[in-house]
Amino acid sequence: MAVRHINPAGLHRSPAFSQAVVVEQPAKTIYIGGQNGVDAAGKIVGPTVGEQATQALRNLATILESEGASLANIVHWTIAVADGHAINDGFAAFQQAWNPADPPPAITVHVVAGLGPGFLVEIGAVAVV
Amino acid sequence: MAVRHINPAGLHRSPAFSQAVVVEQPAKTIYIGGQNGVDAAGKIVGPTVGEQATQALRNLATILESEGASLANIVHWTIAVADGHAINDGFAAFQQAWNPADPPPAITVHVVAGLGPGFLVEIGAVAVV
Amino acid sequence: MAVRHINPAGLHRSPAFSQAVVVEQPAKTIYIGGQNGVDAAGKIVGPTVGEQATQALRNLATILESEGASLANIVHWTIAVADGHAINDGFAAFQQAWNPADPPPAITVHVVAGLGPGFLVEIGAVAVV
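Residue numbers (my numbering), protein chains in the order written: chain A, 1 to 129; chain C, 1001 to 1129; chain D, 2001 to 2129.
These are calculated hints, taken from the structure and not from any lab test.
Check each hint, because a few of them may be wrong.
[Claimed, not checked] With a cut-off of at most 20 Å between alpha-carbon atoms, the simulated SDA-like pairs for lysine to any residue come out as follows:
no., chain 1, residue 1, chain 2, residue 2
1, A, K28, C, V1003
2, C, K1028, D, R2004
3, D, K2043, A, N7
4, C, K1028, D, E2024
5, C, K1028, A, V129
6, A, K43, C, P1008
7, D, K2043, D, T2062
8, C, K1043, D, R2013
9, D, K2043, A, A16
10, A, K28, C, E1024
11, C, K1028, D, P2026
12, A, K43, C, G1010
13, D, K2028, C, P1026
14, D, K2028, A, Q25
15, A, K43, C, R1013
16, A, K43, C, H1012
17, A, K43, C, A1016
18, C, K1028, D, V2129
19, C, K1028, A, P26
20, D, K2043, A, P15
21, D, K2043, A, S14
22, D, K2028, A, E24
23, D, K2043, A, A9
24, C, K1043, D, A2009
25, C, K1043, D, P2015
26, A, K28, C, P1026
27, C, K1028, D, K2028
28, D, K2028, A, R4
29, C, K1028, D, N2073
30, C, K1028, A, Q25
31, A, K28, A, A2
32, D, K2028, C, Q1025
[As the list claims (entries may be wrong)] Restraint ranges, calculated between C-beta atoms of paired labels, are given here:
no., chain 1, residue 1, chain 2, residue 2, range
33, A, N99, D, H2085, 33 to 39 Å
34, C, N1099, A, A40, 25 to 31 Å
35, A, T62, C, A1002, 20 to 26 Å
Don't be surprised by glycine CBs; every beta carbon is placed ideally from N, CA and C.
Taking the hints into account, I'd like the entire structure generated from these sequences.
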């Protein structure tokens, strides 16, 4: 198994994402459902994107750790932020959670009309171990 | 090939989804495009989320059956509901279509500003056989 | 490795997409982050969906070519168009970029409340080589 993060010549470079991630088989793929800012009891942790993104990233880490993996194993993530809320707060939470020494995943970001009741941000991911 | 649905300690549990699904290679992966509430002629089956979700799930089943698989092989699905329509009707359709004995897939749910003309719900999926 | 595009009996057929794509392992999977209408300097190429979709597809092609692949290797793509802008302009760009001799990918299309600042369209993809 090998995972390569690529940023081909001719494309803009960003510290926040890789343009694509190449996965050679055989590998173990972990499909992680959209995580929200809820705690172990299913309660929303707070009313801000920053709080909710921090918790969603914590949930992602918990899932990955249960498989002996970490956030660094994410190859692609899908971020949705509810309309009217700043994406930037989510990026700030990411920068807190992410080790800048690891190449970042490919990313998809949508501002959506809504999420489940009370949710302001949802982060789903595919990870490869 | 092995597929494991995981719900690690420290995360909220729901009967409606698994937190993540782990896929060991080699496996056959089926990428299913977003299914809408359209019949074999491409006609929209009705004006409600419930009717459309029921048909979209039927389309997913048809696709999977053509590969000798079933809804139980879905590891992740991506559900979009058009703004102003209740997500709950989609969940009701899911509960009708889903065998509760099977571990549910990981899930991503977005309320979107819109879909194709007349579409109220779209369900895409990744399945593993 | 084998990739099969399927359109099972009982489902509507469209020249614009396949209902699903089946991937046998082992294969190399390329997870491509959402591409926008930005050039190599990160600048938005123009204010229309058509211009931005054309550039996003060019970026996808650049990424795939850097791996010895092409748009024909895409098995699934996720298209988001900002609310208030016609999806059709994106399809026109697709028809320009896509070789009609190649079976089209599975597709998911959402109209979203927004994307990053100035972006009208985002195209993410999973490709298999």
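Against the structure, the hints come out as follows:
1. K28(A) to V1003(C): 10 Å, holds
2. K1028(C) to R2004(D): 11 Å, holds
3. K2043(D) to N7(A): 16 Å, holds
4. K1028(C) to E2024(D): 5 Å, holds
5. K1028(C) to V129(A): 18 Å, holds
6. K43(A) to P1008(C): Since the Cα atoms of K43(A) and P1008(C) sit roughly 17 Å apart, the hinted pair holds (cutoff 20 Å).
7. K2043(D) to T2062(D): With a Cα-Cα distance of about 16 Å, the restraint between K2043(D) and T2062(D) holds, given a limit of 20 Å.
8. K1043(C) to R2013(D): Given that 20 Å is the threshold and the Cα spacing comes to 11 Å, the pair holds.
9. K2043(D) to A16(A): 16 Å, holds
10. K28(A) to E1024(C): This hinted pair holds, its Cα atoms lying about 5 Å apart.
11. K1028(C) to P2026(D): Given pair K1028(C), P2026(D) holds - Cα atoms ~9 Å apart, limit 20 Å.
12. K43(A) to G1010(C): Answer holds: K43(A) to G1010(C) is near 12 Å, not above 20 Å.
13. K2028(D) to P1026(C): Distance of about 12 Å is within 20 Å: holds.
14. K2028(D) to Q25(A): 6 Å, holds
15. K43(A) to R1013(C): Holds: K43(A) and R1013(C) sit about 12 Å apart, inside 20 Å.
16. K43(A) to H1012(C): Judged against 20 Å, a Cα distance of about 9 Å means the pair holds.
17. K43(A) to A1016(C): Distance of about 16 Å is within 20 Å: holds.
18. K1028(C) to V2129(D): 14 Å, holds
19. K1028(C) to P26(A): Satisfied, since the Cα-Cα distance of roughly 12 Å is no more than 20 Å.
20. K2043(D) to P15(A): Holds - the C-alpha atoms of P15(A) and K2043(D) are around 16 Å apart, at most 20 Å.
21. K2043(D) to S14(A): OK: K2043(D) and S14(A) at ~13 Å, within 20 Å.
22. K2028(D) to E24(A): 5 Å, holds
23. K2043(D) to A9(A): 15 Å, holds
24. K1043(C) to A2009(D): 15 Å, holds
25. K1043(C) to P2015(D): 16 Å, holds
26. K28(A) to P1026(C): The given pair, whose Cα atoms are some 9 Å apart, holds under the 20 Å limit.
27. K1028(C) to K2028(D): 13 Å, holds
28. K2028(D) to R4(A): 11 Å, holds
29. K1028(C) to N2073(D): 17 Å, holds
30. K1028(C) to Q25(A): 12 Å, holds
31. K28(A) to A2(A): 11 Å, holds
32. K2028(D) to Q1025(C): 12 Å, holds
33. N99(A) to H2085(D): 33 to 39 Å: Hint holds: Cβ distance 37 Å, inside 33 to 39 Å.
34. N1099(C) to A40(A): 25 to 31 Å: 28 Å, holds
35. T62(A) to A1002(C): 20 to 26 Å: 22 Å, holds
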